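Chemist: Protein chains in written order, with the working numbering: chain A, 3 to 106; chain B, 24 to 426.
Don't read these hints as lab results, they were simulated from the structure.
Given the structure is predicted, the values throughout are model-derived calculations rather than measurements.
Hints are supplied without guarantee of correctness; some may be wrong.
[What the hints assert, rightly or not] The calculated DSSO-like cross-link candidates involving lysine-lysine, where the alpha carbons are at most 27 angstroms apart (straight line), are: (1) A:K64 with B:K222; (2) B:K149 with B:K88; (3) A:K95 with A:K64; (4) B:K222 with B:K149; (5) A:K64 with A:K104; (6) A:K95 with B:K222; (7) B:K341 with B:K330; (8) A:K104 with B:K70; (9) A:K32 with A:K104; (10) B:K222 with B:K70; (11) A:K95 with B:K70; (12) B:K426 with B:K25; (13) B:K263 with A:K104; (14) B:K426 with A:K64; (15) A:K64 with A:K32; (16) B:K263 with B:K25; (17) B:K263 with B:K426.
[Claimed, not checked] Selected chain B positions facing chain A (in silico; Cβ < 7 angstroms): (18) R228; (19) V229; (20) K243; (21) G244; (22) T321; (23) A322; (24) I326.
Every residue, glycine too, gets a C-beta built ideally from N, C-alpha and C.
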Amino acid sequence: MSLDQTEKAAKADPATIEGDVLDIIARQAKVERALLTRSTSLAELNVQSLDLVEIIFALEDKFDIEVPYNANDPSSAGVSFQNVGDVIDGIAKLIGARDARKPA
Amino acid sequence: MKRVVITGVGAVSALGLDLRAHSEALRAGRSAIGPITIISTEGLVTKIGAEVRGFDPAAYFESGKIALLDRCAQLALVATREAVAASGLTFRDGLGPRTAVVLGAGVGGQTTQDENYFRVYHEGAKRLHPFTIPKLMISAAASHITMEHGITGPSFTVASACASANHAIGVAFHMVRSGSADVAITGGTEATITFGTMKGWDALRVMAPDTCRPFSRDRKGMVLGEGAAVAVIESLESAKARGAQILAEIVGFGMSSDAGDIVLPSPEGAAAAIRGCLVDARLAPEQVDYINAHGTGTAANDITETKAIHAVMGAHAKRLAVSSTKSMHGHALGAAGALELAATVIALRDGFIPPTANFTEADPQCDLDYVPNEPRVRPIGVALSNSFAFGGQNAVLALRAFK
Numbered sequence: 003m004s005l006d007q008t009e010k011a012a013k014a015d016p017a018t019i020e021g022d023v024l025d026i027i028a029r030q031a032k033v034e035r036a037l038l039t040r041s042t043s044l045a046e047l048n049v050q051s052l053d054l055v056e057i058i059f060a061l062e063d064k065f066d067i068e069v070p071y072n073a074n075d076p077s078s079a080g081v082s083f084q085n086v087g088d089v090i091d092g093i094a095k096l097i098g099a100r101d102a103r104k105p106a
Numbered sequence: 024m025k026r027v028v029i030t031g032v033g034a035v036s037a038l039g040l041d042l043r044a045h046s047e048a049l050r051a052g053r054s055a056i057g058p059i060t061i062i063s064t065e066g067l068v069t070k071i072g073a074e075v076r077g078f079d080p081a082a083y084f085e086s087g088k089i090a091l092l093d094r095c096a097q098l099a100l101v102a103t104r105e106a107v108a109a110s111g112l113t114f115r116d117g118l119g120p121r122t123a124v125v126l127g128a129g130v131g132g133q134t135t136q137d138e139n140y141f142r143v144y145h146e147g148a149k150r151l152h153p154f155t156i157p158k159l160m161i162s163a164a165a166s167h168i169t170m171e172h173g174i175t176g177p178s179f180t181v182a183s184a185c186a187s188a189n190h191a192i193g194v195a196f197h198m199v200r201s202g203s204a205d206v207a208i209t210g211g212t213e214a215t216i217t218f219g220t221m222k223g224w225d226a227l228r229v230m231a232p233d234t235c236r237p238f239s240r241d242r243k244g245m246v247l248g249e250g251a252a253v254a255v256i257e258s259l260e261s262a263k264a265r266g267a268q269i270l271a272e273i274v275g276f277g278m279s280s281d282a283g284d285i286v287l288p289s290p291e292g293a294a295a296a297i298r299g300c301l302v303d304a305r306l307a308p309e310q311v312d313y314i315n316a317h318g319t320g321t322a323a324n325d326i327t328e329t330k331a332i333h334a335v336m337g338a339h340a341k342r343l344a345v346s347s348t349k350s351m352h353g354h355a356l357g358a359a360g361a362l363e364l365a366a367t368v369i370a371l372r373d374g375f376i377p378p379t380a381n382f383t384e385a386d387p388q389c390d391l392d393y394v395p396n397e398p399r400v401r402p403i404g405v406a407l408s409n410s411f412a413f414g415g416q417n418a419v420l421a422l423r424a425f426k
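Same shape as in the complex, but just chain B (with noise of 0.2 angstroms):
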């Protein structure tokens, strides 16, 4: 089995356009949360989100293009030439038929889909834009990243609600590893804030109405966030030998299913995967240093996630440093297992550990160190990013500091 190495990731979040910006507003504890604006809130309870600011689709795609690319589409591309770019490779000269580009997605095309159902069910609209179905479908965003970039490898994109990413990038990593892909590109994007998506999530009555607090006392829900994070991932050997920059290593990855509810986690379900992380990666306990927390801010994720931390990680648990940094860029859904990747490797890269921003108050039932509010220099060895999904489906990825 190969060793995995990332040596490319870009990112568009809330907290900015790049990985620089996405990074440095985590190392600084900055939340991106605030008012939604990119639509209006009027007849909304949650008027709040964690939108990607400044997005100008015209500085990176030509007008004939931008017609054919969901907002979900546009953000993901966006990530990737900058994670391509900082990797170095390009795919037309030889590597594009051992390039897979697998992408996590939990919704796809929702903007597309929004604006259009709006039309020929309010309006009366008797036809609609031939691009409709091409734009909406939710392994878009990933056959424009093949087109774009020359790959020709397998493709496709992974669907598991809010650990869409997480399977995506454990897929991947066990593909490369395998030796069945030499390169994956792979990462999430996601784009729901509209009118018909808010309104659904209304009616779940689990959206924070202030800000998003994880493991806090006070936490009133989750919120919302969209954005696009993108790693080139590749074999330790092939990175050595074109001498390219190595970012982190990916070590293990573990899934699992609750078989429980389609909206309460498990803890069981929960530490099953974290578990299984570990023995894939042949990890124990005590190497873990940080936890990248899956942390969506309601009262139910962030009890069920300290259970399950505690009863993998045994006394360790009170050792180790756990955050969320939803509480920073939002709960992007297929997408925050992406940006949680990036989150993790800038923080195994440049030794620091990203807080949990917004914490007031501890929760006797959260009793782990969940680094409140201020980011902390310090070295990291190992980390897990855990993803654990609506409908129980759960994947953790651990990631490992390359010296």
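So here's chain A without its partners, still in its complex pose (with noise of 0.2 angstroms):
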């Protein structure tokens, strides 16, 4: 199920943003929200490349951005994917650039 465009926006504030990903995070890993922290690694949650490539399908769906992910360059992402904080703080940057990019 994808939002619609009115609705994304309306979502994209820091806050609700860091809500999101926590709960895309905790889904995938399958672990209790309220455990992961913003210094939490994604390794100790042990979570496997295909684990990581469904999570970023999954941020990608619901922010309505492109994450310029290769499991065989992940430097080249431009978004780190060793801690729950940077993931968080990667994403807000990529849909600042997303709304950056749409007309008013």
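Make the complex out of the two chains shown on their own, each in a separate frame, by following the hints.
Modeler: See below:
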């Protein structure tokens, strides 16, 4: 299910982005969302390569963004998937770029 | 058990429309990877591939026949004609019932499926062409080969993703070796450069944006190819009795399953297939001169495959040559093992090792001799050809130069 554009735009404030990212990571990693902090590493959540690809897919779908992630060359994505905080910041940046491209 | 030899090979790949063109490009180390042209790449992340260029179905088939053939069947039929003509065999004068067709395909009639599903789902078409199903079924190419050549023995298609062709060739080899078939037409075909399939590959995040650089430190993933290659195989005694040209001998086949991950490869699974192949061929590791690697150019495959070769070959691993011809003809999925068999047969016959093209920089985790960029003229006696599929289905062939 994808949200319509206005609903997405309305949700693009930092707290909501953080909440949505946490929801997606918690769901994919099958952990309690309350246990996630910004410093939680995806490796310690046992997120494998295909899990990560699914997380990125869910994030792209949720926020209508493109994450240029290549599993063979993760550093080229411009978003770090090291810690939960990295993901939140990287996604917020991409959403900002998305909104900057959109006509007002 | 009979000795099994190859008496004809045909190939249609990004490198060219026949075996000669395929071989000349391999010998020159020329990569055929380039911008995708057969579909629009607007909306795709991956805009490069290894396409079969200049293939005009009308040059090979009557118009009524073309309507029945997906691109993957067209490629397979053209490769088969070349292989059969080279072998000198005909099948309508008694050999048909003793001949098998065992073809590998990973996906099947993907162009047909993509186009027709687009019509119903997107354009709201009320009906589809009645040939939709006969064209998209994964076994169609093998059936068309039997019809065109009058082959009435066993025929079927083997699907194991990227290892399909090696599984097909290996099964055909065992059938001829055991005497359950006198002749087999075997290989693989694939043509999946369609918009829907490419979107799927984009989503998996393993495709290279620039080119395919197997075993090179800066490799960024795989590049999709397409094509077909077919070999005619028979017993050594029948080939000799009729004075046929013998291109190479198939001496072994090993298979294994990782029982691990649906996409990540395992060094133990790959090593088990290589080891099984050597046992089947009664070869010692030291006898192997060259390995045509699976070498997809992904971070995971190339390290895993290197580990597997070390595990089986021991100290000899550093002495043998390993190359990935996917750097030139792309990864043709279910046809990959067949295009690589064609490459390996020519290497054995003509005495050269095709290079790993697009190689820029050594990776400390990939520490074998990958024959970077420059082909090497050198006689080789024994070669292996590796295929390690998604889902951990591994198949390795052993071939020997026939002198």
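Chemist: Each hint needs a verdict: does it hold in this structure or not?
Modeler: Each hint tested on the structure:
Pair hint K64 of chain A plus K222 of chain B holds up; C-alpha atoms about 18 angstroms apart against a cutoff of 27 angstroms. At most 27 angstroms may separate the alpha-carbon atoms for a hinted pair to count; K149 of chain B and K88 of chain B meet this at roughly 25 angstroms. Straight-line distance between C-alpha atoms of K95 of chain A and K64 of chain A comes to about 15 angstroms, which keeps the hinted pair within the 27 angstroms bound. In summary, the hint linking K222 of chain B to K149 of chain B is supported, as the alpha carbons are separated by about 25 angstroms, within the 27 angstroms threshold.
For a cut-off of 27 angstroms, the pair hint linking K64 of chain A to K104 of chain A stands: about 17 angstroms separates their Cα positions. The suggested pairing of K95 of chain A with K222 of chain B holds, with an alpha-carbon distance near 25 angstroms, which does not exceed 27 angstroms. Taking the CA atoms of K341 of chain B and K330 of chain B, the gap is near 12 angstroms; set against the 27 angstroms cutoff, the hint holds. Distance restraint check for K104 of chain A and K70 of chain B: the Cα-Cα separation of roughly 25 angstroms lies within the 27 angstroms cut-off, and the hinted pair is therefore satisfied.
About 34 angstroms separates the Cα atoms of K32 of chain A and K104 of chain A, which puts this hinted pair outside 27 angstroms; it is violated. For a cut-off of 27 angstroms, the pair hint linking K222 of chain B to K70 of chain B stands: about 11 angstroms separates their Cα positions. As the CA atoms of K95 of chain A and K70 of chain B are separated by approximately 26 angstroms, the hinted pair is consistent with the 27 angstroms bound. For the hint pairing K426 of chain B with K25 of chain B, the CA-to-CA distance comes to about 17 angstroms; that is within 27 angstroms, so the pair holds.
This hinted pair does not check out: K263 of chain B and K104 of chain A have alpha carbons roughly 72 angstroms apart, beyond 27 angstroms. Annotation: proposed proximity of K426 of chain B to K64 of chain A is violated, straight-line Cα distance about 63 angstroms (limit 27 angstroms). Proximity of K64 of chain A to K32 of chain A is assessed by CA-CA distance (about 18 angstroms); at most 27 angstroms being required, the pair is judged to hold. For the proposed pair K263 of chain B and K25 of chain B, the alpha carbon gap of about 13 angstroms is at most 27 angstroms, so the pair holds.
Restraint check for K263 of chain B and K426 of chain B: satisfied, since their Cα atoms lie roughly 12 angstroms apart, inside the 27 angstroms limit. Residue-level restraint check for R228 of chain B holds (minimum Cβ-Cβ distance to chain A is 5 angstroms; threshold 7 angstroms). With a cut of 7 angstroms, the hint placing V229 of chain B at the interface with chain A holds, because the nearest CB-to-CB distance is about 5 angstroms. Hint status for K243 of chain B relative to chain A: holds, with the closest Cβ pair at about 5 angstroms, below 7 angstroms.
At about 4 angstroms, the closest approach between the beta carbon of G244 of chain B and any beta carbon in chain A falls short of 7 angstroms, and the interface hint on this residue holds. Nearest Cβ of chain A to the Cβ of T321 of chain B: about 5 angstroms, under the 7 angstroms cut. The hint holds. Using the Cβ-Cβ criterion of 7 angstroms, the hint placing A322 of chain B at the interface with chain A is satisfied: the shortest such distance is roughly 4 angstroms. At its closest, the beta carbon of I326 of chain B sits 11 angstroms from a beta carbon of chain A; the interface hint therefore is violated under the 7 angstroms criterion.
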